[in-house]
Amino acid sequence: MSLVELHAIHKSFGALQVLKGIDLKIDEGQVIALIGKSGSGKSTLLRTINGLETIDDGTIMVAGKKVGDHDTDLLQLRLNVGMVFQQFNLFPHYTALENVMLSPQVVKKQSKGEARKIAEEMLAKVGLSDKMMHYPDQLSGGQQQRVAIARALAMKPRVLLCDEVTSALDPELVNEVLAVVRQLAEEGMTLVMVTHEMRFAREVCDSLVFMHQGRIHESGNPEHVFASPKTPELASFVGGLAG
Amino acid sequence: MAYQFDFGAILPHWKLLLDGVVLTTELAAIGAVAGVGLGILGAWARTARTPVISQLVGVYVELIRNTPFLVQLFFIFFGLPALGIKLSEFQAAALAMVVNLGAYSTEIVRAGIQAIPAGQIEAAQSLAMNRVQIFRYIIIRPALKKIWPALSSQVVIVMLGSSVCSQIAAEELTFAANYIQGMNFRAFEVYFVTTGLYLVMSILLRQILKVFGNFLFERRNHA
Ligand SMILES: Nc1ncnc2c1ncn2[C@@H]1O[C@H](COP(=O)(O)OP(=O)(O)OP(=O)(O)O)[C@@H](O)[C@H]1O
Ligand SMILES: [Mg+2]
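Residue numbers (our numbering), protein chains in the order written: chain Y, 1 to 243; chain L, 244 to 466.
It is possible that some hints are incorrect.
Below are the DMTMM-like pairs computed for lysine to aspartate or glutamate, each with C-alpha atoms no more than 20 Å apart in a straight line [as the list claims (entries may be wrong)]: (1) Y:Lys108 with L:Glu365; (2) L:Lys258 with L:Glu461; (3) Y:Lys20 with Y:Glu53; (4) L:Lys388 with Y:Asp137; (5) Y:Lys156 with L:Glu432; (6) Y:Lys108 with Y:Glu121; (7) L:Lys389 with Y:Glu121; (8) Y:Lys66 with Y:Asp27; (9) Y:Lys230 with Y:Glu53; (10) L:Lys258 with L:Glu269; (11) Y:Lys65 with Y:Asp27; (12) Y:Lys25 with Y:Asp206.
These are calculated hints, taken from the structure and not from any lab test.
Throw the hints in and build the complete structure from the sequences for me.
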């Protein structure tokens, strides 16, 4: 059984059908890249996996349990599924360390000492041991995003969802964040990432999912998919990126 | 014939004025703490998912903001006894101030809450925090920080508004001033001094709120 199983997920915003029946399995340790044109529903799909969007139809199973729409179901879901956003979304009134410590303390009821130990460990992992006492506005975008990753990791999720985590960054800051994601992938973390960094997706991911008009249009091993796209839509998407 | 100023005529009544200042201070303190507290609760309720709760609070806010404070005060002091709720002058004055500031601060705090970027709330949700935790740890402090100056001004306005409570014979500063003026007919001197006292109290209150705000919102861990 897969860690996350999506079955026939449908989602509309008013009259706009954004997800038109998505089936997706995410196995433990799998690294999946979600690609596709703007508006194809990538963010919406990730957000449904985290319970940030309700679904109109279909089922989401996480770790063998069906996710309902009760608050407790959502909280349980989110203990298993972490998320990192394009805009970092750090809490401005807390230091980097406090940002990372907060949820383990208030949600998991860890002691301050315990939470601090884990937070320091996670901040070290993302290379920010020397910035723990900085506030978000005292950090560069790349550093903020790395704190956001550490913050998600401190909850020990079983899957981490990354929605264009480098898209809001200046080009010279992209690599420090990608390096962290690459390291997570190498350590066996289960990852689903929306990305426009095709080279990175090709090197790091073991599965590529191409979304088109609210459906999974094509998916498979990145090398194969890039080298010989089966559908004209993916061919033109890949071609468009190259050109 | 020119008016002969005689500020000395107030001196014998200094105790009355002092009592008035003390009572006004008490009213302001109760009003500020409970009123802002009520405002925070109200703003929280405005974000509730149950529309009924949010709408009830909305009605309360509009009712208070669109009626005169004096009428609210009269209603509480003279009107409520008809329902068997009889309050002393002080209790009625304090309640009126709390209810009044509660409505205004509900709207002010709500504006602060709305200014919190949605992404921060989603980040907190994705970290498995529940609604109460998100309000307490993520929303309220930055929200209050944003609107602290507006909220402080409203607290001062309500403190000054307490002068209206003299109308139900709550013995605050204006009541004391009226009383002294009635005895010595030194209207200019009495109200001149009273004005000065209100001015000093306003400035002090503003300072206290500023210092308290700095304490509340200061960054404790320095990089
Ligand atoms: N909250 C919302 N209300 C209404 N429409 C929405 C909402 N969120 C997304 N949409 C619409 O749903 C469609 C899919 O949006 P989504 O953000 O999932 O696309 P995306 O694939 O992530 O695109 P991008 O690459 O630009 O991030 C878009 O047409 C978008 O305008
Ligand atoms: Mg998107």
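Quick rundown of the hints versus the structure:
| no. | hint | result |
| --- | --- | --- |
| 1 | Y:Lys108 with L:Glu365 | holds (18 Å) |
| 2 | L:Lys258 with L:Glu461 | violated (40 Å) |
| 3 | Y:Lys20 with Y:Glu53 | holds (15 Å) |
| 4 | L:Lys388 with Y:Asp137 | holds (16 Å) |
| 5 | Y:Lys156 with L:Glu432 | violated (71 Å) |
| 6 | Y:Lys108 with Y:Glu121 | holds (17 Å) |
| 7 | L:Lys389 with Y:Glu121 | violated (33 Å) |
| 8 | Y:Lys66 with Y:Asp27 | holds (16 Å) |
| 9 | Y:Lys230 with Y:Glu53 | violated (31 Å) |
| 10 | L:Lys258 with L:Glu269 | holds (16 Å) |
| 11 | Y:Lys65 with Y:Asp27 | holds (15 Å) |
| 12 | Y:Lys25 with Y:Asp206 | holds (13 Å) |
Against the hints set out earlier in the document, violations occur for numbers 2, 5, 7 and 9.
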